[in-house]
Amino acid sequence: MNLHDTPEQAAFRERARDFIREHAPWDQVQQARRLRFAGKPFADEADWIALSRRWQQIKHAHGWACLVWPRECGGQGLSPIENVIFQQEEQDFVELNGPFMISQGFIAPTLMSFASEAQQREFLPAIARGDTVWCQMFSEPGAGSDLAGVRTRAERVAGGWTLKGQKVWTSGAHYAAWGMALVRTDADVVKHKGLTMVFMKMDSPGITVRPIEELSGHAHFNEVFLDEVFVPDAQVLGGVNQGWSVALTTLMNERMTIGASTPMGIEEIFELAMQPDADGRRPIDSESVRMKLAEWHTKDCGIRYGVQRMLTAIAAGASPGPEASVGKLVGANATQEIAAFGLDLLGNRALAQADGDDAAYCFHWMFHFGALHRVEGGTDEIMRNVLAERVLGLPAEHRADKGPFRDVPTAPPAA
Amino acid sequence: MNLAFSEEELAIRDEFRRVLTSSSARAGLVAIQAQQLSCDLPLWQRLAQTGWLGAGVAEEHGGSALGNAVLCLAAEEIGRQSPAIPYVASVCGFAVALALADAPRAQAQWLPRIADGSVLGLVLMAQDWSAPPLLSGIDSADDSCTLSGATRLLRDGASASVALTLIGEAERAALLLLPLPAGERIGAIDKTLDLLHPPAAFRFDAAPAEVLATGDAAIRLWERVLDRYALFTAFEQLGGAQAALEMARDYSLTRYAFGRAIGSFQALKHSMADMLAAIELARSNCYFGAAALDDDEAQLPEAAAVARIAATDAFRLCAKQNMQIHGGIGVTWESDAHLAYRRAQSLATALGTPGFWKERLVRLLIAHRGSAARAA
Ligand SMILES: Cc1cc2nc3c(=O)[nH]c(=O)nc-3n(C[C@H](O)[C@H](O)[C@H](O)COP(=O)(O)OP(=O)(O)OC[C@H]3O[C@@H](n4cnc5c(N)ncnc54)[C@H](O)[C@@H]3O)c2cc1C
Chain A
1 MNLHDTPEQA
11 AFRERARDFI
21 REHAPWDQVQ
31 QARRLRFAGK
41 PFADEADWIA
51 LSRRWQQIKH
61 AHGWACLVWP
71 RECGGQGLSP
81 IENVIFQQEE
91 QDFVELNGPF
101 MISQGFIAPT
111 LMSFASEAQQ
121 REFLPAIARG
131 DTVWCQMFSE
141 PGAGSDLAGV
151 RTRAERVAGG
161 WTLKGQKVWT
171 SGAHYAAWGM
181 ALVRTDADVV
191 KHKGLTMVFM
201 KMDSPGITVR
211 PIEELSGHAH
221 FNEVFLDEVF
231 VPDAQVLGGV
241 NQGWSVALTT
251 LMNERMTIGA
261 STPMGIEEIF
271 ELAMQPDADG
281 RRPIDSESVR
291 MKLAEWHTKD
301 CGIRYGVQRM
311 LTAIAAGASP
321 GPEASVGKLV
331 GANATQEIAA
341 FGLDLLGNRA
351 LAQADGDDAA
361 YCFHWMFHFG
371 ALHRVEGGTD
381 EIMRNVLAER
391 VLGLPAEHRA
401 DKGPFRDVPT
411 APPAA
Chain B
1 MNLAFSEEEL
11 AIRDEFRRVL
21 TSSSARAGLV
31 AIQAQQLSCD
41 LPLWQRLAQT
51 GWLGAGVAEE
61 HGGSALGNAV
71 LCLAAEEIGR
81 QSPAIPYVAS
91 VCGFAVALAL
101 ADAPRAQAQW
111 LPRIADGSVL
121 GLVLMAQDWS
131 APPLLSGIDS
141 ADDSCTLSGA
151 TRLLRDGASA
161 SVALTLIGEA
171 ERAALLLLPL
181 PAGERIGAID
191 KTLDLLHPPA
201 AFRFDAAPAE
211 VLATGDAAIR
221 LWERVLDRYA
231 LFTAFEQLGG
241 AQAALEMARD
251 YSLTRYAFGR
261 AIGSFQALKH
271 SMADMLAAIE
281 LARSNCYFGA
291 AALDDDEAQL
301 PEAAAVARIA
311 ATDAFRLCAK
321 QNMQIHGGIG
331 VTWESDAHLA
341 YRRAQSLATA
351 LGTPGFWKER
361 LVRLLIAHRG
371 SAARAA
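Top to bottom, those sequences are chains A and B.
FYI, my numbering numbers position 62 of the first sequence as 62, with every residue one higher than the one before it.
FYI, my numbering numbers position 163 of the second sequence as 163, with every residue one higher than the one before it.
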């Protein structure tokens, strides 16, 4: 056991640091920091994407983009350890990866496993540069946790398929050029067996994207209507009715990406607790506050060193297990608690964000984010199911959806 | 960074496991309850014969010096199997503490006896004293002195015969080695919180002691002692938590209610998932600590504190939920579930309360931030 970089890792860290010192958009560092917890400090979302793209393109030009991708796909062929080292050094700007997280983190690995070589050559470099953004159209009004229950229909037509249905909660669909969708190609078999993964241009005829406001009032995700959208056969990934295993690849990468890289809020709450309040008292001088800070710091450390345990296992040739779900489950709940505690400390001051009140701004966003984060990428309850069944080997739920998909019970129509 | 134990370390752990399985928590309880022993002495003797009591002792003092990583694993294994012996207190805590001091004479006198099992050591914290200890007659020729005072009840006190302790503050601080007068087991066994670690209290009346360090040096040494002992204890708690979860899981697969295994009820699955999450956090923090202990002492204070806090939480949660998942059988004397439940509680306060470790952590973090701000 040890805590230090190997000489190669230390040299890599040094090079990363030099590159970031020289090339990162330091003129925008304040804005970039304020992006933590998905706050949108930019008046116009396009400015956020433009800045993110600027940094992405610089990284790409200097060989610092998509470090873990294979070289032939436009990456650097490095290990997840180097990726984490780079992220640690990139700390101040890491939130500028936001617009590309889905494309680079979940979609690209799926393309690498299932797309043709020609398609990989066509799409991956543009994803690596940040030129094209993809979205992930999995969830539907009737299928979120129960993802295999998607109902968007794909009907066979000459040369491909036409899609009809609705997707929802699609992050970034309003700025994505391409989208990957899980659709139903056979409703007469058990639900997992009738699914197919396809991809399409988001400006294809028949696609309508409508923003949905989150509780914060910002619209980061969307509903996407698919009305007779044509998808050519070449844009089926992994084969017809093989979509479930493709989706599992995406979801595994999603959980890895989300669990390992999301801040919990410990720096923010510590900072706030150190600030004297209106009466000149510092919250951190109170014992009850100190106990809480210690508990959250302990969780934060546990999650961070959990990632390091996972990296150690990967380096030794093991594949990351469902244990990654622990970080997401614990982290999201802690963030929500920290946010409420921060708002408690702010008291009336937090009732509205005054201009320039960074603390109120930050904890409002964290308060929203904690709630969103417990749902996205697998809810708390789904994470617990995964841990219970796949790690502890406990029996699966009794299910009412084992027959052909068309016979699966659904909610009775509203009276 | 490397956060995994080596194959070799794990193989040594497996051997230790084999020796430990020659007894059990239950057998220890019988030894203590029916035979009036202070601990599971037959097991203790087997461990002495097979060299396991010298794991934290240098070879020159008759030990096998297996190294910190193996001591961590040994403590975890003790937690898992829950034998009724003060292994972590004596073999990990006391021996490693004494070895840190610059005290060749005391080491030569006591460490061989730790390794051969004839002496069992403890570490006493400030909170363990009921009457503040008073030192007198320090003889600078041989660092001997006498001490008067009294302790509160000490976990494992019934079997201990020597202790390390820090008394006094600032320049008057002294790290002492303190032979314990014959301890008296206090109270009947059924009035003992942790049945497998019978406590005792001690009274000293001008008892002989030895000064190992004074002033700043003593305080610095003491901090290092506490961090190490806290980490070993955290590993013990981690092992206890893991065993409790496995016991709950196994039972839930065999017990049926409403026509199905109770382990298929989501309320229980989610409860066990939360136990697992608590264990994973504790394990990651414990491994951080084990790595710091071997590789970067500067990070050990933080690592020991987070390990200790997380492992206390994990063991308490797992021990109480394990009982709950066992239903009626779990709350009987017959079940081992209460042995873990009791031990989770006694370990939570054995070496500073959770509040003590949280306070220690926050102070450290404030100090770190202060020095980071000055550096920037
Ligand atoms: C910020 C954000 C971004 C998102 N981005 C995307 C995206 O880009 N693409 C995409 O496809 N989706 C996206 N999602 C959707 C997300 O994956 C789903 O919201 C999530 O999986 C939950 O599904 P649902 O909303 O249908 O809730 P439901 O599945 O209806 O869940 C409702 C409640 O029931 C519980 N529940 C459901 N099943 C079980 C069970 N078996 N056991 C116990 N409890 C259960 C849930 O835990 C939850 O509490 C996003 C969501 C959020 C919040």
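Calculated from the structure, these hints are not laboratory results.
The beta carbon of each residue, even a glycine, is placed where N, CA and C say it ideally should be.
Worth double-checking, as some hints may not be accurate.
[Unchecked claim] Just so you have them, the derived chain A footprint on chain B, three or more residues with Cβ under 8 Å:
1. 51–60
2. 190–204
3. 256–265
4. 273–287
5. 305–312
[Claimed, not checked] Derived Cβ-Cβ restraints for the label pairs, each shown as a range:
6. A:276 x B:371: 29 to 39 Å
7. A:279 x B:370: 51 to 61 Å
8. A:153 x B:368: 28 to 38 Å
9. B:255 x A:412: 30 to 40 Å
10. A:8 x B:132: 31 to 41 Å
11. A:145 x B:255: 49 to 59 Å
12. B:366 x A:145: 40 to 50 Å
For each hint, the structure was consulted:
1. 51–60: violated (count 0)
2. 190–204: Violated, because only 0 residues of the region 190–204 of chain B bring their Cβ atoms closer than 8 Å to Cβ atoms of chain A.
3. 256–265: holds (count 4)
4. 273–287: With 11 residues closer than 8 Å to chain A, the region 273–287 of chain B meets the three-residue bar; holds.
5. 305–312: holds (count 4)
6. A:276 x B:371: 29 to 39 Å: violated (21 Å)
7. A:279 x B:370: 51 to 61 Å: violated (23 Å)
8. A:153 x B:368: 28 to 38 Å: This hint is violated: roughly 57 Å between Cβ atoms.
9. B:255 x A:412: 30 to 40 Å: For residue 255 of chain B and residue 412 of chain A the Cβ distance comes to about 35 Å; the hint holds.
10. A:8 x B:132: 31 to 41 Å: Check failed, 55 Å falls outside 31 to 41 Å.
11. A:145 x B:255: 49 to 59 Å: Between residue 145 of chain A and residue 255 of chain B, where Cβ atoms are some 28 Å apart, the hint is violated.
12. B:366 x A:145: 40 to 50 Å: holds (42 Å)
Of the numbered hints listed earlier, those contradicted by the structure are 1, 2, 6, 7, 8, 10 and 11.
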